[in-house]
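Q: Read off the chains here:
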Amino acid sequence: MIEFIDVHKSFKVDGRDIPALNGIDLKIEAGQIFGIIGHSGAGKSTLVRHINLLEKPTRGRILIGGEDITARDAAGLREMRRGIGMIFQHFNLLSSKTVAENIAFPLRLAGTPTAKIHQRVNELIARVGLEEHARKYPAQLSGGQKQRVGIARALATGPRILLCDEATSALDPQTTQSVLQLLAEINREFNLTIVVITHEMDVIRRIGDRVAVLDAGRVVETGPVADVFLHPQHQTTQRFVREAENVDEQEEHAAFEHVPGRIIRLTFRGESTYQPVLGQVARETGVDFSILSGRIDRIKDTPYGQLTLSLTDGQPDAALQRFAAAGLTVEVLRA
Amino acid sequence: MNELFVNVDWSDIWQATQDTLLMLGGSLLFTLILGLPLGVLLFLTGPRQLLDQPAAYRVIALIVNVLRSIPFVILLIVLIPFTTWLVGTSLGVLGAIPPLVIGAAPFFARLVETALREVDRGIIEATQAMGASTRQIVFGALLPEARPGILAGATITAITLVSYTAMSGLIGGGGLGDLAIRYGYQRFQTDVMVVTVLVLIVLVQLLQMIGDKLVRHFSRR
Ligand SMILES: Nc1ncnc2c1ncn2[C@@H]1O[C@H](COP(=O)(O)OP(=O)(O)OP(=O)(O)O)[C@@H](O)[C@H]1O
Ligand SMILES: [Mg+2]
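Protein chains in written order, with the UniProt record's numbering: chain Y, 1 to 335; chain H, 1 to 221.
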């Protein structure tokens, strides 16, 4: 649905070209929640602002529904933007307008008849749960409530795409959770394509379907969230995952030194997470195991587990084969 | 009271106050009508703003700066032919209004520009992302968001105009300034001067109060 083909972008600063995007190729399917993660300055905002052409590419093409949007004229561009909602880290609500007026704003810009605006605004206010706050001004709301107004406003014109630039970065963990949940719900309800920009892997783990990792204006890794999260390839991705899991690699490796036997990491996904595989394999192959570290959690709706084990005695090779046969992913950390 | 202000003719004071209010009202009206679009234009054509027209910006900014750097007394005199051509006289309340407007409009335009620059860029961007045209951004987002700042600017402008009206007394503009100069200064009737100054102080206080009230009413931050 959204496709970047070799997109480059550089900014002119004091007459010099500062590159921000260096050849982005990306495909975002309709109905997905697509996460883009990267460190500060990686080019995330610049990338997402190309989808509604708030930034124009220096080179390359951007297709939406197969159409090259960079070819549109000013009027065509404005019409296209009405089909793309956007929410922001600092909400960007109009402080001079009430909640209801803020949500009505994009409809008024589009020339929607007043009666219809009224009905639609009430619908949206109810959908995001702000019935009691319709006549308040943004300054009277909490951060989470402001972002709900932002979401309602972004949905007002019935867009097919929603862009979220660090939409939860200014919110506390609990509010973040509720806003993410709202995003996941509207993704399903309206089959809305959502592009989520963040520097927190956790945001993507909770709601993302696919993820692209951005580093210095390049996509260094992309794939389904579960694959990227459980088996990160690029060093930048590995760092994000470790941050999200609170793992200190050096500490972990230091701890391994005092442990005898082979050290392996098992990854369970989906149903296998709840199967009694470990015990079965231990009994059949006579290995002894101890759990060095591990976690069981969810990636969006999929349960997963990841355990680091040491194996001693018995037939470890047979055990590894049995794990693989049971559908677990086996990585040998120390043979 | 009357012993203290022997030279004061209260009906003269009342007449002069009315003249000053008329000059102030008329010139403020046209200053706002001219200065607001000029300020918006300054903002829009400015560097990295919505229209970003460096050439246009430099021309408008130059005109504004030149008008602002001419002392108002000089402007009054230089503009006499223009004023006569425009309103048929360079004297009295009517003759005072054109130079007052030309003196104050560029000043107000700068204050408008500053107020617009205070509007969060994110709001402009969000409005743009909704598919708004530049016109819609200006009228739908920028002006409402900058309204408290613009009203504060209008208040400052109104008060500046009060002191300008007093100066226009120099060339027979009428009003309290005229009275103060003709009686208070030229005929050494200090009591007349004191009364006119007191009336001017009350006027300025009133304007500031109304302005502050309006700004507070429209501030939602
Ligand atoms: N308007 C601009 N003018 C000049 N340089 C810019 C502009 N916008 C972005 N850049 C530069 O482009 C690079 C990418 O910026 P961008 O805002 O996309 O990063 P980001 O990944 O969103 O970072 P953050 O997490 O801090 O928001 C940075 O080096 C930044 O300085
Ligand atoms: Mg950013």
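Simulated from the structure, these hints should not be mistaken for laboratory data.
Do not take every clue at face value.
To be verified - The calculated DSS-like cross-link candidates involving lysine-lysine, where the alpha carbons are at most 25 angstroms apart (straight line), are:
(1) K213(H) with K97(Y)
(2) K116(Y) with K300(Y)
(3) K116(Y) with K136(Y)
(4) K12(Y) with K213(H)
(5) K27(Y) with K97(Y)
Q: Take a quick look at whether K116(Y) and K300(Y) sit within 25 angstroms of each other, Cα to Cα.
A: Measuring from Cα to Cα gives roughly 36 angstroms; hence the hint is violated.
Q: If you draw a straight line from the CA of K116(Y) to the CA of K136(Y), is it 25 angstroms or shorter?
A: Cα-Cα ~21 angstroms, so holds.
Q: Are the Cα atoms of K27(Y) and K97(Y) separated by 25 angstroms or less?
A: violated (37 angstroms)
Q: Straight-line Cα separation of K12(Y) and K213(H) no greater than 25 angstroms?
A: Cα-Cα ~44 angstroms, so violated.
Q: When you check the alpha-carbon spacing of K213(H) and K97(Y), does it fall within 25 angstroms?
A: Holds - the C-alpha atoms of K97(Y) and K213(H) are around 19 angstroms apart, at most 25 angstroms.
Hint compliance for this structure: hints 2, 4, 5 are broken, all remaining hints hold.
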